[in-house]
Amino acid sequence: MDIKNNINNDIKFLAKSEIRLKILSELDKHPDNVRGLVKKTSIAYSSVSSNIGKLENHNYITKIENKYHINPMTQVYFKTLMDFKNSVELVNTYDAFWNKHNLNQLSITSVKRITDLKNSELIETTPIDIYKTHNTIKNQIMDSKNVRAIFPYLHPEYPNLIEGVLKNDGSVELIVPKSIFKELLFRVNNDVRRKAIRDKKLRVYSFEKDLNLYLTICDENMSLGLFKNDGSFDQNRVLVSNDKQSYNWAEELFNHVKKQVKK
Amino acid sequence: MSTVETKKELIKEFSGVKYILTSGMRSKLLLAIYDGPKNLDELRNELKKPSATILHGLKELENINLIRKVQKYYELTSNGFLLTTNMVKLIENWYALNKNKVFWNSHDLEGIPDDVLKDVYLLKNAEYVASTTSDLSNAFNAYIRLISKAKKLKIIFPIYSENHFKHLIKLLNDKKLKKLEMVVSEEILKSIEENKLLKKELINNKKVKIRCVERKLKVFLTYSEDFMSLTLFFKDGHYDDSQILIAKDKNAIKWAKMLEKLY
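Those sequence lines, one after another, are chains V and D. All letters in the first sequence, in the order written, are residues 1 to 263 by the numbering used here. All letters in the second sequence, in the order written, are residues 1001 to 1263 by the numbering used here.
Careful: at least some of the hints might be erroneous.
Computed, partial: chain V to chain D, Cβ under 7 Å [unchecked claim]:
1. Ile11
2. Lys12
3. Lys22
4. Ser42
5. Val76
6. Lys85
7. Val88
8. Val91
Read the hints as simulated data drawn from the structure, not as lab findings. Idealized CB from N, CA, C, for every residue including glycine.
Work the whole structure out from these sequences, hints included.
Set out below in structure tokens:
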């Protein structure tokens, strides 16, 4: 069976009515009766009552001792539906970040878990602060003990930043395009670099193909930058976040790209 | 708040979901183009609808920036790609749930965090095995067959079952099972410690690692490199040994790892 071409009727049935979705979101928190739901949602009694009837008929909820309970599977249905809702909202909220940008290098898992980025902040440069994106990331790196990053281009300040982390006894793991690999390494102080490589504190992977992704994972933050569809890097926008979910999200993506590096 | 205002707010809250999911044409077009750029002819053949209907749907999707026309081909925009990938995930989530409806609907899912439930699509190849009146231990036997070939096992153990322990000890002593990691609650650990045989064969066994958590456990999860299995509790708090969900594919094992990691 081709499941892909099938928005099934269950999905339609629930998604079609805002009232049913609202009722489910309340029952997902606490079992309740019609009167209680009316009070919580301010929806008219007759609407609540008729939709409760429909939900019960379709086996989404069950009445136990005067209160309606959401069925276990409905609960998961509802959660996945809300996850989809969140993904729509995330795309809309950061429209300027995604729109007309190249997403080819995102892993399919990272796209499917895009809602993990829901607590991110979009940092944009302004005419009076045109280095805002760069400086935000720079500060994150300077405050970090451990840095992992995908750098698709060489910013003149990177060698210094890397050196700083290493001198502080931190560790750095980088994925960079082949074209800047040597240049980046040689600009890091010789002694610091050799010692760090020996101690396995510095690992740099050279990426053979084009890199269309900018990613940093610092101690407390992650940040993501994209290329525009015309092939240029969008220096004016980065998505930054400091919560655990985004951190895990970035880690998955970093490992996904790392796997494509030829040994 | 008046009913009209309530309704307006509700409509706004769920508008993103509703617009995409309740129109068969819009969702089908997105899914068709998700496979790769297509021209009108190809879309007409695939969807078996007149050009006018298809063009109307395409225009709508173009207006909200989910698709764009390049030469004569329609393709997803970045936003369209993000959204459609997540719609596919939603469809797969619901498919995975529907496939094992009886299993999901009859159990308490509280032990499975939302974050993992959202990715239940990873279990789309899972099958459930149930005991029958003529074979009361069908599910249990299926479980024993599964673990008998494993070299490494990770188990979230929510129950004290000498029957299960006995089999595991045998596998350890037969030297087939090289490593066993268990997550148990304090209560269960205490019971294991009180049993001399279990204390000797499990707690004092180098091949066994037991991790104790404070909270009460509500999932029985087992996985190795080749399979994962899941059994749950009924809503009334009793453990259900009659139904087991089993999968042997990579995605399902990935799901199991995600769940275990949260404990």
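Hint by hint, here is what the structure shows:
no.	hint	verdict
1	Ile11	holds (6 Å)
2	Lys12	holds (6 Å)
3	Lys22	holds (6 Å)
4	Ser42	holds (4 Å)
5	Val76	holds (5 Å)
6	Lys85	holds (5 Å)
7	Val88	holds (4 Å)
8	Val91	holds (5 Å)
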